[in-house]
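2 protein chains.
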Amino acid sequence: MNYTTITTEHITYFTSIVSELNIILKEEQKHPYGKDHTEDLHYMPACVITPTTTQQVSLVLAYCNIHLIPVTPRGAGTGLSGGALPIMGGVVLSLHKMNKIINIDEDNLQATLQPGVINYDLQQAVKAVGLFYPPDPASWGSCMMGGNVAHASGGPRAVKYGTTRDYILNLEIVLPNGDILNTGANTLKYSTGYNLTHLIIGSEGTLAVVTKIVVKLIPYNPKNVLMLVPFTSATDACKAVTSIFKAGIIPSACEFMERDALILVAQYDPLLHVVLTPDTQAHLLIELDGHHMDLLQQQAEQLVKTIQAHSPIDVLYADTEAQKELLWKARRKIGEAVKHQSAYKEEDTVVPRAAMPELLQGVKALGAKYGFKSVCYGHAGDGNLHVNILKDNLTDSQWTNDIPIAIRQLFELCKQLNGTISGEHGIGVVQKPYMDVMMTPTHFNIFAGIKRTFDPNNILNPGKII
Amino acid sequence: MNYTTITTEHITYFTSIVSELNIILKEEQKHPYGKDHTEDLHYMPACVITPTTTQQVSLVLAYCNIHLIPVTPRGAGTGLSGGALPIMGGVVLSLHKMNKIINIDEDNLQATLQPGVINYDLQQAVKAVGLFYPPDPASWGSCMMGGNVAHASGGPRAVKYGTTRDYILNLEIVLPNGDILNTGANTLKYSTGYNLTHLIIGSEGTLAVVTKIVVKLIPYNPKNVLMLVPFTSATDACKAVTSIFKAGIIPSACEFMERDALILVAQYDPLLHVVLTPDTQAHLLIELDGHHMDLLQQQAEQLVKTIQAHSPIDVLYADTEAQKELLWKARRKIGEAVKHQSAYKEEDTVVPRAAMPELLQGVKALGAKYGFKSVCYGHAGDGNLHVNILKDNLTDSQWTNDIPIAIRQLFELCKQLNGTISGEHGIGVVQKPYMDVMMTPTHFNIFAGIKRTFDPNNILNPGKII
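Protein sequence lines, in the order shown, are assigned to chains A and B.
Its first residue numbered 1, the first sequence is counted upward by one per residue in the numbering used here.
Its first residue numbered 1, the second sequence is counted upward by one per residue in the numbering used here.
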């Protein structure tokens, strides 16, 4: 595909649509839009457009579609697979100014909002009226709902409440040709033709630009119990997770953290220091939520009894809100802490929950074989293990040549275990070279047919996923 | 599209693949495969094939694809939109012999099964090990899981637990060209390219044939409270539903039944007689489920207090298992009872929950305008109202000419209320003429592009949805 280089004529048109206030052309101002939270990649866009209305999105897209100008939609740029990187140049379409919660419908337990709304802001707004929007990516303080839709984002609570996918009722989208449409209806059930809502969710901005989101809300669970459980063996920690669910207990979070994850966090931010006994190799951070504290305590006791078989060192309850906040902050900061420590690659592996021990052992075996150090953590209840491979002492040649081979073998192991190569981060650009591990030529044909149907000129987030 | 008429040569080929035991050619034996539970429609297939393996499905499809022979996949034929009717003739591919539960994975809370497994059989099999598969269409005693996937089927429990869509992790499918592929992975999270699993769910057998299904299971809730609540006004009943959810209570079922629905059931089966006071116009059938009876009773009291504002006549608790069974049987038999009473058309309207009173009033206003009688019931908690329009005293001309106009106006009302024309029954053939109420030409273009991607020769369930 030969894309068009953006000229002053194009800029003049864009300016006529969105006004000068919503175009960024200066290098230093464009610079932040060339990266996201994925490793240290950077691609400079020709210009950044920050539309404020659906109509503007439509006009910009239709123009770019005719003129073959690549458009990379962008939320907060907190993605971890390079999905928001303008790898073909062209326009970055940043939706951050479309950031209104249009409506919270307390009768129907729904909210309607724009894609630039920050996840945490939505959480707080609905909590204020006793409602709950569960999906909570680690970056919830800055990530935007449009990006959450694009990646089918999860978070710790997904284990009990499901991912973004489970809370989207309807989307307003704009196609590359400028057509504006609703993908569904504002209903809890929908069996009216091919489900376009679910096709857009997780499509990483390659099919359409999301301009409005209708989410389902549920009643807020005001009470919770949080416990930190250290183990002398990471395998034991993972096995304990399976036992919890097998006992019929569904925690509202069940996070796994290797020893090194918490050490790196404490180095990164001494305020987030969590005491580690010398023999601790891994932790589970387990939360139970509900309406009745006495019931939660009963359930916690049952849980503790259940995991005794896996020899936890201790069970440390967070007694105060401050302790809870510290533990959650430490958990949420692991990604940043790892990034601060070393160049790294983060793999978003996911397998059926009971296969976690085998996955983890596989990671360490690959580390031994290829000489890399890994820091693993993630959503153990979902079998979703974030594997951070550190550059650390590896040579550039090892990093460039050997690590991709190791990653491929890691993904092959995921497939063997009936898992996949991304649970919640998406494919973007960094996992794209590995898609053939999961996908057959038939899959790629179908993906190409779907892409062609929505975006025949391949202007929307080109070079991603396929 | 010019389809090929099936000849003895084709039959010889099919026989070589599936053996004589799995081909039905005799008229009287084929006859049942020409209908489903939709009104009184009948279309005769040229032959019925009952494959026993994925490989057979693949070979039959690939052959039909090359020879342009229409193939209509079929489960139990309990559908209500004509999705399983072979309206273009050709082959009916009945999956009922692929009826094995391959595996119940208690470690991962998953089951793997073939499409011919009956919903209720799956429920019972997983209940035996303390697990729960929630989706429960009214026809659960006979409907098959492949059909449930095809229609994204719901049922009473969807209000708390979600529909079939929420429980499908992965599918094995066969494309018209014979290619066999998995749509996803056996994981709780999945962000690995376009979500083919969710695209197949609800696609009514028009894109691929489902040959294996991996479902998510949850722990079984052993306790429940069931109450029948009569109202003097259907509007009050609907308004009470909104109040229940607004109070933070999520019942495991919240069904609405008009007076006439229960009268028809009692006429149809006197054993299912439910006492009706003369002033009862509608009922809610409300179930709460959980692990602790004392908590459920507390919640029931809170619920009863909440609905007092809407003047229920009474709150009748089902005290015994026999009473519960009677009430559920009565509810599940309404469809059959209506069918027994009169020719009818069933519309599967769905709106945001709080819009139910307006929808119901709209139905009655249309009835007054066009002279039809309607019996309404359905999943009030989901805003999913089954509107049964009875032929009763209408002339054939009214039935043929006026009722489709009334249905169109009903669907336009659904759209106005942010709802849609099918919540759980699908579009099939009977709702197809009304799809333009919901869909723009852009939607139809996308649907056509998706269809073309999977089924370029249009052999798979042709004439359905679009």
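Since the hints were derived computationally from the structure, they do not count as laboratory data.
It is possible that part of the hints are untrue.
No copy labels: a pair is met if it fits in one copy or bridges any two.
Straight-line C-alpha distance at most 30 Å; calculated DSS-like pairs for lysine-lysine [said to hold, decoys possible]:
id : residue 1 : residue 2
1  : LYS30     : LYS432
2  : LYS339    : LYS216
3  : LYS216    : LYS127
4  : LYS415    : LYS100
5  : LYS339    : LYS35
6  : LYS432    : LYS246
7  : LYS223    : LYS369
8  : LYS97     : LYS223
9  : LYS30     : LYS127
10 : LYS35     : LYS127
11 : LYS345    : LYS333
12 : LYS212    : LYS432
13 : LYS246    : LYS160
14 : LYS30     : LYS160
15 : LYS246    : LYS212
16 : LYS212    : LYS415
17 : LYS305    : LYS216
18 : LYS239    : LYS127
19 : LYS246    : LYS100
20 : LYS373    : LYS391
21 : LYS364    : LYS212
22 : LYS35     : LYS246
23 : LYS324    : LYS26
*Hints the structure violates: just list their numbers, smallest first.*
2, 6, 7, 8, 9, 10, 14, 21, 22 and 23
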